[in-house]
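Please work from the sequences and hints to get the whole structure.
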Amino acid sequence: VSSRRVVLVVGSGRSGSSALAGGLQALGMHVPPPEVPPDEAGLRGSAESQWVVDLHTELLERANVGITDARPAAWFETGKLAANGLLRTRITEWMRPQFAPLPDLEGEPELVLKDPRMGWFLGLWRAAAMRCDATPAHLTTLRHVTQVVGTRDRPTARTAAWVNMMLHTERATRGSLRAYVRYDDLLADWTIPLFRVGTDLGLRAVTEASANSMRKVHQFVDPDLHRARHTWSDLPVPPRLREIAEESWQALSGLADPDGDTAEVHLTLDQLREAYVELYDEAEGIASSTADAARREGAAATAAESGEPKGLKRLLGR
Amino acid sequence: MTGSVSGSVSGSMGGLRNREGEAAYDITWPWSDGPLPPGLTCVFRVKNEARNLPWVLPPMLEAVQHVVLVDNGSDDGTPEVAREVVERIGASDRFTSTSYPFTVSRAGDEHLHTPPDSVHSLTYFYNWSFAQVRTAYSMKWDGDMVLTREGVELLRDLSWQLHDSGAVVAIPRHPMTVESDSVAWLDLGFRFLEPWIYPMGPEFTFVKAFEWEVREFPDTSERVVAPEGMCVELKWLDQDEFAHWSTTSFDAVRTPRKARELEVYRALSEGRGESVDGLLRVEAPEGVHVIDHVTRTWMASAPRPLVKRPDSVEA
Numbered sequence: 248v249s250s251r252r253v254v255l256v257v258g259s260g261r262s263g264s265s266a267l268a269g270g271l272q273a274l275g276m277h278v279p280p281p282e283v284p285p286d287e288a289g290l291r292g293s294a295e296s297q298w299v300v301d302l303h304t305e306l307l308e309r310a311n312v313g314i315t316d317a318r319p320a321a322w323f324e325t326g327k328l329a330a331n332g333l334l335r336t337r338i339t340e341w342m343r344p345q346f347a348p349l350p351d352l353e354g355e356p357e358l359v360l361k362d363p364r365m366g367w368f369l370g371l372w373r374a375a376a377m378r379c380d381a382t383p384a385h386l387t388t389l390r391h392v393t394q395v396v397g398t399r400d401r402p403t404a405r406t407a408a409w410v411n412m413m414l415h416t417e418r419a420t421r422g423s424l425r426a427y428v429r430y431d432d433l434l435a436d437w438t439i440p441l442f443r444v445g446t447d448l449g450l451r452a453v454t455e456a457s458a459n460s461m462r463k464v465h466q467f468v469d470p471d472l473h474r475a476r477h478t479w480s481d482l483p484v485p486p487r488l489r490e491i492a493e494e495s496w497q498a499l500s501g502l503a504d505p506d507g508d509t510a511e512v513h514l515t516l517d518q519l520r521e522a523y524v525e526l527y528d529e530a531e532g533i534a535s536s537t538a539d540a541a542r543r544e545g546a547a548a549t550a551a552e553s554g555e556p557k558g559l560k561r562l563l564g565r
Numbered sequence: 382m383t384g385s386v387s388g389s390v391s392g393s394m395g396g397l398r399n400r401e402g403e404a405a406y407d408i409t410w411p412w413s414d415g416p417l418p419p420g421l422t423c424v425f426r427v428k429n430e431a432r433n434l435p436w437v438l439p440p441m442l443e444a445v446q447h448v449v450l451v452d453n454g455s456d457d458g459t460p461e462v463a464r465e466v467v468e469r470i471g472a473s474d475r476f477t478s479t480s481y482p483f484t485v486s487r488a489g490d491e492h493l494h495t496p497p498d499s500v501h502s503l504t505y506f507y508n509w510s511f512a513q514v515r516t517a518y519s520m521k522w523d524g525d526m527v528l529t530r531e532g533v534e535l536l537r538d539l540s541w542q543l544h545d546s547g548a549v550v551a552i553p554r555h556p557m558t559v560e561s562d563s564v565a566w567l568d569l570g571f572r573f574l575e576p577w578i579y580p581m582g583p584e585f586t587f588v589k590a591f592e593w594e595v596r597e598f599p600d601t602s603e604r605v606v607a608p609e610g611m612c613v614e615l616k617w618l619d620q621d622e623f624a625h626w627s628t629t630s631f632d633a634v635r636t637p638r639k640a641r642e643l644e645v646y647r648a649l650s651e652g653r654g655e656s657v658d659g660l661l662r663v664e665a666p667e668g669v670h671v672i673d674h675v676t677r678t679w680m681a682s683a684p685r686p687l688v689k690r691p692d693s694v695e696a
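Going down the list, the sequences are from chains A and B. In the numbering used here, each number is its position in the first sequence, counted from 1, plus 247. In the numbering used here, each number is its position in the second sequence, counted from 1, plus 381.
Any given hint could be a false lead.
[Unchecked claim] Here are some, though not all, of the chain B residues that point toward chain A, as calculated from beta-carbon distances under 8 Å: (1) 400; (2) 403; (3) 453; (4) 530; (5) 535; (6) 539; (7) 605; (8) 607; (9) 608; (10) 609; (11) 682.
No lab work stands behind these hints, which were simulated from the structure alone. Ideal placement from N, C-alpha and C gives every residue a C-beta, glycine not left out.
Structure, rendered in structure tokens:
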């Protein structure tokens with residue numbers, strides 16, 4: 248196993264992954280620049296490389312997959328792109344120079360790559376890491392699904408997308424070098440989970456961290472951040488989906504315990520994934536008229552843009 | 382319902398009987414009792430692969446949920462070696478070893494003249510072997526093909542991503558002739574591409590072709606092509622690689638892959654490997670076997686594209 252590391256931060260957005268990736272960056276890990284500029288919602292920055300975000304945006308568009316997409320079949324669509332040889336080469340060529348020595352850093356940089364879209368394309372990044380003689384390590388933050396979904400619009404669709412993302416990225420990283428961190432643990436006392444992550448994933452920046460770099464993390468991780476407390480009673484989500492989401496949270500949360508990544512938990516997660524796929528198939532069947540109507544509407548809009556006659560004119564053949 | 386393999390076996394929902402009346406080797410399709418659970422099973426049909434399996438089996442068991450090994454008359458201890466390897470890596474619960482006791486016609490002329498519903502037919506042998514699969518996806522793999530590290534990761538992903546997609550996956554392979562523990566010759570002169578991974582079901586059974594069997598799939602099946610560098614196909618310079626063919630006069634149009642392999646084999650046997658376009662000599666560092674070197678290190682760092690020539694040989 249190569250000692251060169253690329254940490255891939257995966258999982259659902261709004262789960263504290265920015266705090267975690269930013270913490271690793273403050274400890275001395277390298278987020279390849281330029282970074283996505285901080286916006287109003289993330290004043291402290293998101294520790295996301297612009298190149299990575301742009302690439303994923305382009306690929307999701309090509310695959311016709313949304314950043315939060317509840318369709319189990321979306322994994323096949325993005326998986327096909329991840330098997331593309333030219334894309335693997337493109338990412339490898341971007342990644343290789345990122346390991347070049349940095350002025351203020353002793354030794355080779357350890358990379359942190361973070362984007363809420365990362366989970367869709369893990370195969371591509373793992374292949375690039377291997378081609379750069381680096382070991383990919385996966386890091387996931389866990390935050391209760393009700394906190395992630397919040398009370399914003401379409402809570403059912405967002406809950407389903409959370410289940411789809413979390414259960415399938417767990418499957419995608421199983422058997423690989425990985426660590427899970429609960430968001431609440433990170434905010435309560437970041438030193439405990441971060442030290443464990445560093446040890447488990449073999450991150451020099453953590454295991455050899457200086458006092459100064461640890462001070463920086465304290466400035467970065469604000470325990471008052473995102474303390475919103477929603478419960479299932481705040482969210483109108485169908486009972487079966489709620490049940491699968493809650494059980495998924497319980498099982499995933501266990502992965503963050505020391506020695507919690509066990510075959511028994513994997514079996515539970517497999518059963519939940521199967522239950523979710525079954526539920527989605529059912530729902531998709533019931534809602535197919537809505538999908539058909541949207542497809543017709545889209546086709547009509549395209550026809551209108553191309554100047555084809557519409558409405559009565561079309562009916563009358565004019 | 383029992384079907385026949387006289388032409389196509391598609392649509393046979395229950396199984397197949399053989400013309401010899403060997404009832405113990407009738408074929409019962411695994412999907413006849415209902416949908417198969419998710420997962421990918423790799424099926425090896427092997428004869429005398431004891432030398433290769435210690436390299437072949439461990440990475441494959443890292444990649445897929447289950448491996449079925451069907452031995453066909455080995456006399457070199459192949460099943461015993463397979464069991465030892467699988468036990469050593471702690472994967473016995475994901476491994477099924479079985480045997481098929483009939484002589485199977487060799488690819489080429491012998492195959493052409495063997496009825497497809499005979500237990501001696503490659504077609505029947507393949508259908509029987511794949512009827513042992515108990516997952517929704519299956520892959521055919523040869524006992525001399527070694528996954529690279531990147532190949533393991535790709536198959537691990539596909540083993541769950543493909544579920545319910547109906548897609549088939551083609552994987553390029555790179556023939557590699559081992560000259561010694563530290564030297565091998567990698568054939569990067571041609572692109573050998575063949576579909577290896579298929580869903581299980583009545584539309585994906587084997588039928589007879591001229592030289593060998595082919596697996597059917599509907600026109601609507603999406604086709605995914607894996608990148609280069611996922612596996613090497615081992616050949617040994619000190620071993621006759623053409624023993625399982627009924628002739629070595631290959632038609633370059635009908636069987637271009639075999640014709641190329643014979644060209645490479647002859648050149649290497651005569652010590653003129655450097656003269657073959659696209660044939661690359663790889664030497665491992667001291668203390669590392671060349672197969673490990675190529676599959677674990679060399680292949681990952683080799684510049685892409687690996688195969689520079691646009692020619693593609695597709696089985």
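Hints, verified against the model:
1. 400: Since the shortest Cβ distance to chain A is 40 Å, the answer is violated.
2. 403: With Cβ-Cβ at 38 Å, over 8 Å, it is violated.
3. 453: violated, 32 Å
4. 530: holds, 6 Å
5. 535: holds, 6 Å
6. 539: holds, 7 Å
7. 605: Status holds, d = 5 Å.
8. 607: It holds, given that the least Cβ distance between residue 607 of chain B and chain A is near 5 Å, below 8 Å.
9. 608: Result: holds, 3 Å to nearest chain A Cβ.
10. 609: holds, 6 Å
11. 682: holds, 6 Å
When the structure is compared with the earlier hints, violations turn up for hints 1, 2, 3 and for no others.
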